[in-house]
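There are 2 protein chains.
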Amino acid sequence: MKNVTELKEQGTQLSIVEVAENLFRQLGFQKTTVADIARELQMSPANVYRFFASKSEINEAVARRLLVEIETAVKDVAKSRGPASKNIHNIIATIETLNAQRFSSDRKLHDLLETAYNEHWPIVAAHIEVIDKALAQVLSAGMAAGEFKKGDAELIAILVRSACVRFCHPRLMVECAQDPEPTIDQMMAFLIGALK
Amino acid sequence: MKNVTELKEQGTQLSIVEVAENLFRQLGFQKTTVADIARELQMSPANVYRFFASKSEINEAVARRLLVEIETAVKDVAKSRGPASKNIHNIIATIETLNAQRFSSDRKLHDLLETAYNEHWPIVAAHIEVIDKALAQVLSAGMAAGEFKKGDAELIAILVRSACVRFCHPRLMVECAQDPEPTIDQMMAFLIGALK
Numbered sequence: 001m002k003n004v005t006e007l008k009e010q011g012t013q014l015s016i017v018e019v020a021e022n023l024f025r026q027l028g029f030q031k032t033t034v035a036d037i038a039r040e041l042q043m044s045p046a047n048v049y050r051f052f053a054s055k056s057e058i059n060e061a062v063a064r065r066l067l068v069e070i071e072t073a074v075k076d077v078a079k080s081r082g083p084a085s086k087n088i089h090n091i092i093a094t095i096e097t098l099n100a101q102r103f104s105s106d107r108k109l110h111d112l113l114e115t116a117y118n119e120h121w122p123i124v125a126a127h128i129e130v131i132d133k134a135l136a137q138v139l140s141a142g143m144a145a146g147e148f149k150k151g152d153a154e155l156i157a158i159l160v161r162s163a164c165v166r167f168c169h170p171r172l173m174v175e176c177a178q179d180p181e182p183t184i185d186q187m188m189a190f191l192i193g194a195l196k
Numbered sequence: 001m002k003n004v005t006e007l008k009e010q011g012t013q014l015s016i017v018e019v020a021e022n023l024f025r026q027l028g029f030q031k032t033t034v035a036d037i038a039r040e041l042q043m044s045p046a047n048v049y050r051f052f053a054s055k056s057e058i059n060e061a062v063a064r065r066l067l068v069e070i071e072t073a074v075k076d077v078a079k080s081r082g083p084a085s086k087n088i089h090n091i092i093a094t095i096e097t098l099n100a101q102r103f104s105s106d107r108k109l110h111d112l113l114e115t116a117y118n119e120h121w122p123i124v125a126a127h128i129e130v131i132d133k134a135l136a137q138v139l140s141a142g143m144a145a146g147e148f149k150k151g152d153a154e155l156i157a158i159l160v161r162s163a164c165v166r167f168c169h170p171r172l173m174v175e176c177a178q179d180p181e182p183t184i185d186q187m188m189a190f191l192i193g194a195l196k
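Residue numbers (UniProt numbering), protein chains in the order written: chain A, 1 to 196; chain B, 1 to 196.
These are calculated hints, taken from the structure and not from any lab test. Check each hint, because a few of them may be wrong.
[Unchecked claim] Below 30 Å or equal to it, Euclidean Cα-Cα: the simulated DSSO-like pairs (lysine-lysine) are:
# : chain 1 : residue 1 : chain 2 : residue 2
1 : B       : 196       : A       : 150
2 : A       : 133       : A       : 79
3 : B       : 108       : A       : 149
4 : A       : 31        : B       : 196
5 : A       : 86        : B       : 79
6 : A       : 149       : B       : 150
7 : A       : 108       : A       : 150
8 : B       : 196       : B       : 79
Given these sequences and hints, build the entire structure.
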């Protein structure tokens with residue numbers, strides 16, 4: 001069990017990330033300094049550095065929160081009942097919707113995620129693993145139910161996610177936003193054809 | 001028929017693009033100036049501007065040459081005999097190979113293409129149309145031969161190209177280069193499953 005000191009420390013750490021996220025939303029992550037974050041929290045920059053060794057660690061923690069938001073929504077879809085083909089479709093549509101919402105309402109936070117992808121931050125690889133696992137879970141369920149033909153669910157998860165990268169990758173989805181086709185519905189109908 | 005003056009002008013225009021490509025390869029397109037290109041050709045910058053209204057037009061002409069190189073190779077594959085599934089595979093593999101070669105041997109020219117994609121230069125949309133047309137041609141042939149089930153070849157071409165963007169997009173292929181999976185073989189086997 002955690003003691004009072006540990007809980008307080010965790011609380012401070014969370015406050016730093018929350019304040020950083022708000023500042024990133026307004027100023028952008030590159031223009032926000034540790035001094036800005038400390039000032040907002042009425043603490044010294046040195047105190048912030050007790051919790052995060054560098055500004056990069058704060059950037060990562062905020063980006064991680066954005067990715068966890070997607071992961072939580074995706075895991076909920078993966079757990080839901082209904083045909084596996086519908087769940088696969090909904091996982092991709094959920095990722096696309098959350099990315100599109102962030103892009104239109106919080107462009108500066110979206111920039112942070114684009115940078116995380118561009119610069120291969122380790123949290124991105126970890127995030128992709130979580131998505132692949134959710135997809136594999138749905139694929140396995142579909143195979144067990146006879147909805148999909150039997151196969152290597154983990155590999156097929158990677159294939160489905162790669163084939164849908166145009167909808168899920170924060171930079172590419174912006175780049176392809178003007179292209180009317182393919183729609184998610186068209187792509188999913190096509191891929192489901194390969195699964196059945 | 002073109003007259004001597006027109007042919008000479010075309011020759012000069014081509015020389016400008018060739019010299020620009022060489023300088024871009026060495027210095028990068030952003031650091032190469034119109035003055036550099038003119039000096040190399042022993043002509044005045046004003047004379048270069050007779051052929052290209054701006055440096056951007058020269059950038060586009062060089063990027064276009066790189067894309068035409070891919071298009072020519074892809075059209076050759078599309079024309080070749082053999083099973084349509086093999087030709088579809090080879091179109092994607094050809095694009096991936098040419099991008100990978102450029103990335104490893106001519107990084108600075110690759111940067112130019114990445115910028116063209118990032119900034120939505122019109123030549124990129126035109127290039128993608130050519131690739132889609134080649135894919136649709138092979139898909140139609142496969143449908144006519146009974147190798148693939150009947151369908152909208154043009155839409156399926158867009159779906160196949162989108163599903164393979166991880167191998168064909170100059171920036172994404174670099175970003176994904178470290179990921180062992182999916183391989184082109186895995187992706188093509190999966191997609192061909194949707195076509196049959």
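Evaluation of the provided hints:
1. B:196 - A:150: holds, 17 Å
2. A:133 - A:79: Holds: residue 133 (chain A) and residue 79 (chain A) sit about 12 Å apart, inside 30 Å.
3. B:108 - A:149: Cα-Cα ~46 Å, so violated.
4. A:31 - B:196: violated, 53 Å
5. A:86 - B:79: violated, 38 Å
6. A:149 - B:150: holds, 22 Å
7. A:108 - A:150: This hinted pair is violated, its Cα atoms lying about 43 Å apart.
8. B:196 - B:79: holds, 21 Å
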